[in-house]
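> Sequence:
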Amino acid sequence: MVSRALFRLILCCFIDVSYLYQPIHPSNGLGVCRKNSGLTALEVLPGGGWDNLRNIDMGRVMNLSYSQCQTTENGVYLIPDEVFVIPQKVSGVETNSEIIMSWLNQTSSTSSSINADASFLSVLNGKYSEENKRMKIHQVRDKSVTSRVQVRNHLYTVKAYPDFTLDSRFTQQAVEIADAIENNQISLAIYLSEKLILDYGTHVITSVDAGATLVQEDYLKKSFVSRSQSDMSSVSASAALNFFNKVKFDISSKESKESSQTQGYQSNITYSLIQSHGGALFYPGITLQKWQESTLNNLVAIDRSGLPLHYFLNPSTFPDLPALTVNKMASSVQQAAERYYNINKRPGCVNPDSPHFNFQANIDDDSCEGPVTNLSFGGIYQQCNPMTPDGNEICNGESQKNPATGDYSCPPLYYPTLLHIETLASGYTRQECYTHYKSCGFLGFGHCPELICNNVYHVHHAQIYTYSCFSNGKIPEYSGYLFGGLFGPSLQNPLTKSSSCPPNYIALNFLSNGMMVCLSKDYEAGTRFSVPFGGFFSCQSGNPLSNGQSRCPPQFSQHLAAIIDGCEVLYCVQSGAFTEGQLKPIHLPPFTRKPLVDMNTVA
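According to mature numbering (1 follows the signal peptide of the UniProt record, and there is no 0), the sequence shown holds residues -20 to -1, 1 to 583 in order.
Derived by calculation from the structure, the hints in this document are not laboratory data. The beta carbon of each residue, even a glycine, is placed where N, CA and C say it ideally should be. Every clue listed holds true.
Restraint-style ranges between C-beta atoms, simulated for each label pair:
1. N8 x R207: 57 to 65 Å
2. Q315 x G528: 18 to 26 Å
3. P295 x Q255: 38 to 46 Å
In silico lysine-lysine, PhoX-like type, Cα no more than 20 Å apart, as pairs:
4. K175 x K308
5. K113 x K564
6. K325 x K113
7. K574 x K175
8. K564 x K477
9. K113 x K201
10. K113 x K123
11. K116 x K564
12. K501 x K454
13. K564 x K325
14. K201 x K123
15. K201 x K116
Sequences and hints are given; from them, build the entire structure.
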């Protein structure tokens, strides 16, 4: 008995005590409801965050609690306390067929309602979704248009109560923004607001349609559809017939008999895709009855509705915070969402038949046509002013003279334009010592010096002023610079496909963080590597070559050089250049650097 007790004592010495006291996360009650009822929970629920540019679900905003063990009206599913369900009393499936001439007019098959929200730049809603990108790529590269056939089985509409409780994790992140606002840490509040958009998206889903869909997309040669323009309904009917022949949805033999028109339709397909959202997995020959019967146990969201995220940041949802602080927090998050939209605008020529078509563009800026402007580029220069006594530590690597003048200036006939002002902060640790006198000697009546040293954290600041030189007037031939692209730590030069300049070009400091711009005056050897250049502009400065507007000249397309603390810096090259290859990915927040602790700290 003694040996057993001794063994237990030794065992306890080797066990991590913290393991015995792991924090218990509170249950939301679902397990108890399942045990008592034997039912499964409805998984298609509102209350989640939603990215309305990418059409993807984000973090949960609504708290999920099952304390009431609610069920759907038919007693099939458990539902949370915060929602109610409207069953569809009329059974049956909806079928529709449509011709989509341009990816710009595409609507999502699973989120069209929330994409119709006009709170932000609605033309961008869904433009970074996989569905829209697929359509754009095939329509442009295959010179095609899209026929889409959908079969939709809608069983429930699930809605959130307007006063639903917020999720604790979401609340915690929102309170951090409020704390930053109350402490007048504006840069931190901006950063945290952009982080909230990254984690929870731009909107919150308040209603969702649960069911299943089958979707077929056929990409048809544009020439075939153009010839059939007078009878688009017959093309749409051929699309539906082609779909039903694949899935065997019990249509009559007369309707399913292939006609010459159907054969012509099939021979002009460049790409075809059938997707199943919910229900049984699609396979050729599946029947309507079998697919419809499988829907109840395989529900997904087939449409969503919602409101912008900042709508849920109000005095009612945060009663413990001052109303003024909550309103400022909501405004900060709204501005972060607007910034997310604006930074992902890509204006340009969106007509694939135009020689100035920009494959990356998602907003038409009327640049497909217009007079070509004779433009000339006189270089750049960059000045750095320290804001603290030790700010020169930053300026040593950021200043840049214009090689055309050897100074911080523009050559004759060119005029400077202040493109961007940026404040840089850099933290460093320095050992600092001081003398401390302590009691010593007989009975402690003496005072002996003692050198005490600590590592002290400092932040130094400097401002960078970036200028570009341009002329709209007549200048001598071969007097300006050739433009050879730009590059940085996370941006390859589109001309060289690397972090380098073309041959016979020099690299100049541009903005900060290692960004470089490539220029050349070697017209003999450098011209073949150059691209016609149409100026710079930013959120702080317009383009002097577009009469000071924040846009490119006609027949030029804009491209992103950098995002600095939420401010875009863009450059213009002739349309058609730098627009090949894959579609560029979306720019995700945060766009603002997390601010350094701006105080002396002893480490």
